[in-house]
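As given, the protein sequences belong to chains Y and F, one line each in that order.
Following this note's numbering, the numbering of the first sequence begins with 1 at its first residue and continues without gaps.
Following this note's numbering, the numbering of the second sequence begins with 1 at its first residue and continues without gaps.
Just so you know, these hints were derived from the structure itself, not from any lab.
All C-beta atoms, glycine included, are put in the ideal place defined by N, C-alpha and C.
Hints should not be assumed to be uniformly reliable.
Stated by the list, open to error - If you want the footprint, here are the derived chain Y segments under chain F, 3+ residues with CB under 8 Å:
| id | segment |
| --- | --- |
| 1 | 43 to 49 |
| 2 | 90 to 103 |
| 3 | 114 to 121 |
As the list claims (entries may be wrong) - Derived DEER-like restraints, expressed as beta-carbon distance ranges:
| id | chain 1 | residue 1 | chain 2 | residue 2 | range |
| --- | --- | --- | --- | --- | --- |
| 4 | F | Asp125 | Y | Asp137 | 52 to 62 Å |
| 5 | Y | Arg110 | F | Asp125 | 14 to 24 Å |
| 6 | F | Glu127 | Y | Asp137 | 40 to 50 Å |
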Amino acid sequence: MQQPKVLMINHEKCTGCRRCELVCSIFHEGVANPSKARIKVEKWEWEGLYIPMSCRQCVDAPCMNVCPVKAISRDEADARVSVDQDLCIGCRSCVAVCPFGAMNFNKTERKVYKCDLCDGDPQCVRFCDMKAVDFVDPTKEALSKKRDAAQKIADAKKVATELLASQL
Amino acid sequence: MALDRKIAIVNLTTGQIDIKPITLEMRKQFLGGRGMAAYLLYKNSKPGCDPLSPDNAVIFSAGILSGMPASATSRTDVMTKNPLTGLLGSGNFGGFFAAELHYAGFENICVVGKASKPVYLFVNDGEVKIMDAKNLWGKSVTEAQWAVREELGDRDVMCAVSGPAGEKLVRYANTMTGIKNANGRGGGGCTMGSKNLKMVAARGTMDIKIAHPREALEFDKRFIEQITSAKVNQTMGTLGTPFIWGATNSWGGIRTNNFQYNQLLYCDEIEPENIDEWSKESMGSEYNMAACFGCQVHCRAKYKIPDTPLARKWGLVGKYDEGPEYTSQGAFCGEPGCTHLDTLLMGNHLVDQYGVDNLEIGSLISWAMELYEAGILTSKDTDGLDLRFGNDDAVIAMIHHVCKRDTWLGNVLAEGGIRASETIGKDSFKYLIHMKGMSNLHSDERATPALALNLALASRGSDHLRSRPAIDLYHLPVDVMRRIYSSPVPYEGPLSSDHTEYIGKPWQVVWHENCYMAVDCLGICKYHTTFLGATLPNFEDWAKVLYFNTGLEMSPKDIWDVSERANMVERLFNLREGMKKDDPYKGEVLAERYFEEPCRRGAPDVIGKKIDREKFVEMRGLFYKYKGLDENGVPTAESLKKYGLENLDKEPSRV
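Can you build the whole structure from these sequences, using the hints too?
Right under this line is the structure:
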């Protein structure tokens, strides 16, 4: 069975442009306002390091576990953790426990909101040319990472053999 | 709505802050960005004022589309009466400031007067506050930005900051944002220094309501593809602006040793591919380029300064920076005749930290080198510094001396070329390569009359971003050129695909002047226009992107008219401040060496080329005609009326 896709962040590809924040806020709120985005690029400008941060849709989600009114639930089919806006009481317990800071608070509505994967077509992914944010099958992603790591070992092995041969 | 951003007029003498709306009528007249800045400068600076006096104004102006999803729109125009030239001073930086200013509720911040002690402005969610800058004064560009973020307890504060060079009133000190985004030209940083203004810090969480959000996103997706599919932008996204160096230098278009040659020899170390290799080595092979807000071209490389004897001497080993840009390659290598990578990377880093125009400082140091070799300057004048061409150490030393004004020559060069030539005397002025008192880019335009004409006519003085018909060099077929240059207004006059020709070039300069003014008003980056490729967005696309985002319905011709009007305001400002057509100091002429000294190196179509004086004057005349100006370059009563500027002097501000 195919695994549901997840949002995968590869910060090494990020150019720090924050377009993901911009399109997220427009898609969800109809306004350009990165402070209302569900994704945020954290930046260490003096080192050239940029890391996009968003919801990891945790399997054992702390936000879901802590919610006192069961407003947060997990859909196994699309691997998405979502907030029922009608049930949310705005207590912000989820904001407190989320290890990634992925839960946001809407000051006007006085309710929490989070990444909902744009119903299967994440706009941050669609607009990121660099694929620093990607929407992928986690099993496949792990496999391809295994392959990359193995390739590095194989390359190192070749270099070592050549080096040995040259010394003989 | 998308167009509810405001203007703040801040008087630092009195502490008064007026917050005013931007009327729809003003929007349609000037859009935003550079257009609005030109109007605000005209109305808020005192005619004939000393640029360093409280009567001058400095305007920070975001583009109308800044912070919106219309590709790279986070451009800020910083405009002032230029302390270097006494004419219009204007520069444009990318980064993240313009977007943040918009999210903070403002589009333009106009600062007049002078604070009694160092201050900075904090623009936050509809409010502007004057804050004490005691702890920021004296700090370098990045130190000041990190310090203010710490002080305000917010990592997302974006700053337009003046560096130590601005505090020392170096006349070509610029305004910076982020690590290396420079409002390179125009002396904005110097004016800020004269006002005791260290920075404008912006932070905002206010909505910009997009008029048609879904359509805006869909259009933007296509718009981005149009931009990133152009080969030129793909190259830009991997090598940055230095990619132009290789082609231009081998062709013979790089001014070397202060205009004595037009090609830098044996410069493999500073070729774009080598810079890229060093970036990978110093940042890790997986390293990525850096981008401005929302931009998918991402043209900034990252690097750390290598461990070399020179870098060790100046204590700069391992320092992080971004770039270097094409301009830095010319300023610290081409012009002073240096060919080493460490000189380029250190020079670039120093100007970023001091907050000074790399082009101007590099040109003036190279000018001083020619004076030194010609015997006009002696080692007594240079405090013993051996100011020969190719002396890397001397270039780095002079950057420090100019920005700190701590030697006689450093202090003299900090005043700019024309003032320095008056102090130095002898034949020194003859060797100065300037237009309207500003040093030229390191490119050599003797084989490209269209680009040369643009230099002479640019409103902010010698320039490569006011109207550079750079696609001239692609030899596009005439029918393709006609399609570009006949829209959105018809043009049936001559055109020529030959870049060495004089035919049809005045219209190309007119067209590109309006094209670049349009994007400067919209806040879009010039790399997303026909500046670099014929397939890139144009007036047609801007009308749509403007509509989907802001709801403002303007035809391509309407946007063209905004450009004409804003360019005319800039011209009126220059005329008011003493620009005369043939004045060698402030006029619309080329440096004499363009007419007199032929190119000595390069490709066969370059060697021996110089600008023909008569044909140049003819081109200038045609340009004036197309622009609705009289034979002296002054707008006719008819054209002033056409653009609603007939009472600009007399009427009260429309803001």
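Checklist entry - Lying within 40 to 50 Å: is that true of the beta-carbon distance glutamate 127 (chain F) to aspartate 137 (chain Y)? => result Hint holds: Cβ distance 48 Å, inside 40 to 50 Å.
Item to check | 8 Å C-beta test of the segment 114 to 121 of chain Y against chain F, three or more residues | outcome: Not satisfied, violated; 0 residues make the cut.
Checklist entry - In this structure, is the beta-carbon distance linking arginine 110 (chain Y) and aspartate 125 (chain F) contained in 14 to 24 Å? => result Once the Cβ atoms are compared, 19 Å apart, the range 14 to 24 Å for aspartate 125 (chain F) and arginine 110 (chain Y) holds.
Item to check | Distance restraint hint 52 to 62 Å, applied to the beta-carbon atoms of aspartate 125 (chain F) and aspartate 137 (chain Y) | outcome: At roughly 42 Å between Cβ atoms, aspartate 137 (chain Y) and aspartate 125 (chain F) fall outside 52 to 62 Å, so the hint is violated.
Next on the checklist: At least three residues with a C-beta closer than 8 Å to a C-beta of chain F: is that true for the segment 90 to 103 of chain Y?
Outcome noted: violated (count 0)
Checklist entry - Do three or more residues from the segment 43 to 49 of chain Y put their C-beta atoms closer than 8 Å to C-beta atoms of chain F? => result This one holds; 5 residues, not fewer than the three required, reach chain F with a Cβ under 8 Å.
Of the hints listed earlier, those the structure fails to meet are numbers 2, 3 and 4, in rising order.
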